[in-house]
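The task is simple: from the sequences and hints, build the whole structure.
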Amino acid sequence: MKIDFSYYISIFWRRFHYFFVIAVFFSVIGVAVAMVMPAEYSASARMLVESPQISDKLAASTVNVVANEQLQVIQQRVMARANLIDLANRMDVFADEPGLPSGAIVEQMRDRIAFTIHGGRNEATFVDVSFRGGDPDVVARVANALVTQILDENVRMRTVAAGDTMEFFQNEVDRLGVELDDQSAKILQFKSANADWLPEQREFLFSRQEAMLGQVRDLDSQIESLRQQKQNAQDLFDATGATGAGRQLSPDEAALAEARRDLDNALAVFAPDNPRLKVLEARVRQLESRVATSAGAAGGTPQSVLDVQLAQYDRSIADLEAARDSLRAELGRIEENLKKIPATTVTLDALQRDFESTQGQYQEAVSRLSAAETGERIELGGKSQRISVVEQATRPASPSKPNRPLIAAAGVGLGLSLGLGFVVLLELLNRSIRRPAEISDKLGIATFAVIPLIRTETETRLRRVVIFGTLLMVLIAIPVIIWALHVYVVPLDSLVERIANKFGMSVSAR
Numbered sequence: 032m033k034i035d036f037s038y039y040i041s042i043f044w045r046r047f048h049y050f051f052v053i054a055v056f057f058s059v060i061g062v063a064v065a066m067v068m069p070a071e072y073s074a075s076a077r078m079l080v081e082s083p084q085i086s087d088k089l090a091a092s093t094v095n096v097v098a099n100e101q102l103q104v105i106q107q108r109v110m111a112r113a114n115l116i117d118l119a120n121r122m123d124v125f126a127d128e129p130g131l132p133s134g135a136i137v138e139q140m141r142d143r144i145a146f147t148i149h150g151g152r153n154e155a156t157f158v159d160v161s162f163r164g165g166d167p168d169v170v171a172r173v174a175n176a177l178v179t180q181i182l183d184e185n186v187r188m189r190t191v192a193a194g195d196t197m198e199f200f201q202n203e204v205d206r207l208g209v210e211l212d213d214q215s216a217k218i219l220q221f222k223s224a225n226a227d228w229l230p231e232q233r234e235f236l237f238s239r240q241e242a243m244l245g246q247v248r249d250l251d252s253q254i255e256s257l258r259q260q261k262q263n264a265q266d267l268f269d270a271t272g273a274t275g276a277g278r279q280l281s282p283d284e285a286a287l288a289e290a291r292r293d294l295d296n297a298l299a300v301f302a303p304d305n306p307r308l309k310v311l312e313a314r315v316r317q318l319e320s321r322v323a324t325s326a327g328a329a330g331g332t333p334q335s336v337l338d339v340q341l342a343q344y345d346r347s348i349a350d351l352e353a354a355r356d357s358l359r360a361e362l363g364r365i366e367e368n369l370k371k372i373p374a375t376t377v378t379l380d381a382l383q384r385d386f387e388s389t390q391g392q393y394q395e396a397v398s399r400l401s402a403a404e405t406g407e408r409i410e411l412g413g414k415s416q417r418i419s420v421v422e423q424a425t426r427p428a429s430p431s432k433p434n435r436p437l438i439a440a441a442g443v444g445l446g447l448s449l450g451l452g453f454v455v456l457l458e459l460l461n462r463s464i465r466r467p468a469e470i471s472d473k474l475g476i477a478t479f480a481v482i483p484l485i486r487t488e489t490e491t492r493l494r495r496v497v498i499f500g501t502l503l504m505v506l507i508a509i510p511v512i513i514w515a516l517h518v519y520v521v522p523l524d525s526l527v528e529r530i531a532n533k534f535g536m537s538v539s540a541r
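In the working numbering, the protein residues as written are 32 to 541.
Hints listed in this document are in silico derivations from the structure and should not be mistaken for laboratory results.
Note that the Cβ used here is the ideal one computed from N, Cα and C, for glycine as well.
Keep in mind that a hint or two might mislead.
Distance condition first, Cα-Cα at most 27 Å in a straight line; then the derived DSSO-like pairs of lysine-lysine [claimed, not checked]:
(1) K370 / K217
(2) K370 / K222
(3) K222 / K371
(4) K371 / K217
Label-pair ranges, simulated between beta-carbon atoms [stated by the list, open to error]:
(5) R112 / Y519: 34 to 40 Å
(6) P303 / A381: 36 to 42 Å
(7) Y519 / E100: 51 to 57 Å
(8) S223 / V186: 50 to 56 Å
(9) P436 / G130: 33 to 39 Å
(10) Y519 / H48: 27 to 33 Å
(11) A381 / R258: 49 to 55 Å
(12) A155 / G391: 41 to 47 Å
(13) Q392 / N296: 52 to 58 Å
(14) V497 / L456: 21 to 27 Å
(15) R258 / F235: 31 to 37 Å
(16) V497 / F453: 17 to 23 Å
(17) Q392 / K222: 20 to 26 Å
Next up, the structure:
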């Protein structure tokens with residue numbers, strides 16, 4: 032089927048006035064919007080997250096935060112409601128809108144501020160901070176103010192964290208130091224209260240017990256010897272009537288001689304402060320005193336001499352028995368002390384374990400406090416991970432938005448498309464017969480001749496006047512309507528902004 036382009040061109044020219052009105056209408060709107068939309072400027076600054084200047088192997092900072100996480104935390108704090116309101120007031124961002132509610136200020140500030148983080152694994156981390164608005168000087172000042180806030184917040188976060196860490200470990204050291212002193216005092220108090228049966232006294236008590244048992248055996252032997260001598264003296268007197276004073280020593284003298292021998296032997300074995308030596312020395316002095324007292328009784332009668340001898344034996348035996356009883360009492364106390372040692376050992380070991388555990392915690396806390404102090408000095412000295420400014424925000428020389436040629440071209444393109452579409456739609460809806468071929472197609476008959484509708488010259492002239500008058504009115508009315516709408520109803524930039532906001536976009540600096 033052959034397409035008759037001349038027919039379609041004629042139809043287009045017949046409907047051209049519709050196409051023209053629609054195309055002009057939307058083109059004028061597009062151009063007007065492009066002209067009245069305010070200019071929007073954008074200023075941005077770039078910052079770099081630097082690695083620590085001191086290796087962690089030498090001295091590590093106590094603030095270990097991943098760069099992206101740190102930047103996200105800083106971003107949330109900078110974008111806080113109170114901070115944004117204060118920033119907008121200080122920088123006069125909305126000086127032309129003094130009555131703007133705080134909620135709208137926060138919403139617009141968050142919409143205008145942009146944080147963009149660049150970087151990944153094994154890559155340097157950068158962050159771009161930008162601000163957009165209608166005043167190039169204001170946007171540059173706000174962008175640099177945001178950079179300053181980010182730097183200050185980073186330093187504050189790290190120094191506060193390092194200070195809190197050091198304060199925590201300082202409190203731990205103080206607490207554990209007090210606890211360590213308390214446990215030391217408990218151990219000292221326990222040892223003072225149980226000094227006689229402490230574990231370290233076990234060997235001394237065993238050696239002392241053994242020495243006293245030997246002394247008791249010696250005293251038993253001496254007592255038995257004196258009793259035998261006493262019995263022999265009594266038997267001799269009963270048999271012969273003689274005391275044997277001329278042939279043998281008195282019991283005190285014999286005991287004195289034996290005590291001196293024991294003392295000499297003990298001096299060769301024991302230390303001078305040994306309890307056994309003190310007992311022997313006391314016995315020697317006592318026997319010497321008795322021998323001196325009884326020296327003048329040798330000239331009496333045999334019975335009196337015997338009585339003196341027996342009395343000396345009894346006194347010597349009594350003294351030895353008293354010394355033996357004293358030793359046995361001391362042995363009893365030693366035995367009791369030895370029985371208490373196991374329980375004392377258990378309690379003392381428990382106290383010692385608590386002390387050693389606390390001491391270990393104290394030493395670890397001291398070590399960590401030292402590391403925290405080093406970390407704080409690193410943070411205060413700026414030698415740890417930090418954020419530095421690579422590029423400051425500068426005053427933009429030209430606006431970043433809107434793209435006026437693109438908006439105007441879009442309006443013209445939309446007008447042309449809608450105008451052409453309207454013409455096509457009219458033709459699709461028009462079922463009238465306008466060509467001989469259509470008569471044959473629709474009626475199924477052959478045509479010999481076709482007589483078209485012929486207008487008079489007056490009708491043609493009138494039709495042209497109506498069409499051109501309508502076009503002229505449209506050309507005049509469209510700018511007037513747009514101007515009146517912009518001045519008396521709502522500014523076109525605000526209207527476009529509202530429409531864009533419905534679709535989640537923003538096309539203006541407001």
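> Range hint 50 to 56 Å: satisfied by the CB atoms of S223 and V186?
Replying inline: This hint holds: roughly 55 Å between Cβ atoms.
> When you take the CB atoms of A381 and R258, is the distance between them in 49 to 55 Å?
Replying inline: holds, 53 Å
> Quick one: are Y519 and H48 within 27 to 33 Å, going by C-beta?
Replying inline: holds, 30 Å
>> Does the beta carbon distance between P303 and A381 stay inside 36 to 42 Å, or does it fall outside?
In response: Given range 36 to 42 Å: holds, Cβ gap about 39 Å.
> Honestly, do Y519 and E100 meet the 51 to 57 Å range at C-beta?
Replying inline: holds, 53 Å
> Hey, K370 versus K222, does the alpha-carbon distance stay inside 27 Å?
Replying inline: Cα-Cα ~16 Å, so holds.
>> Looking only at beta-carbon atoms, does the pair R258, F235 fall within the given range of 31 to 37 Å?
In response: holds, 34 Å
> Given the proposed pairing of K371 with K217, does the C-alpha separation stay at or below 27 Å?
Replying inline: holds, 19 Å
> Taking the beta carbons of Q392 and K222, is their distance inside 20 to 26 Å?
Replying inline: Because 23 Å falls inside the window, the suggested range holds.
>> Taking the Cβ atom of R112 and the Cβ atom of Y519, is their distance within the range 34 to 40 Å?
In response: Roughly 36 Å apart at Cβ, these two residues keep to the hinted range, so it holds.
>> Hinted pair, alpha-carbon criterion (27 Å max): K370, K217. Please report holds or violated.
In response: holds, 22 Å
> Holds or violated: are the alpha carbons of K222 and K371 at most 27 Å from each other?
Replying inline: Holds, at about 13 Å.
Violation of the numbered hints given earlier is absent; every hint is satisfied by the structure.
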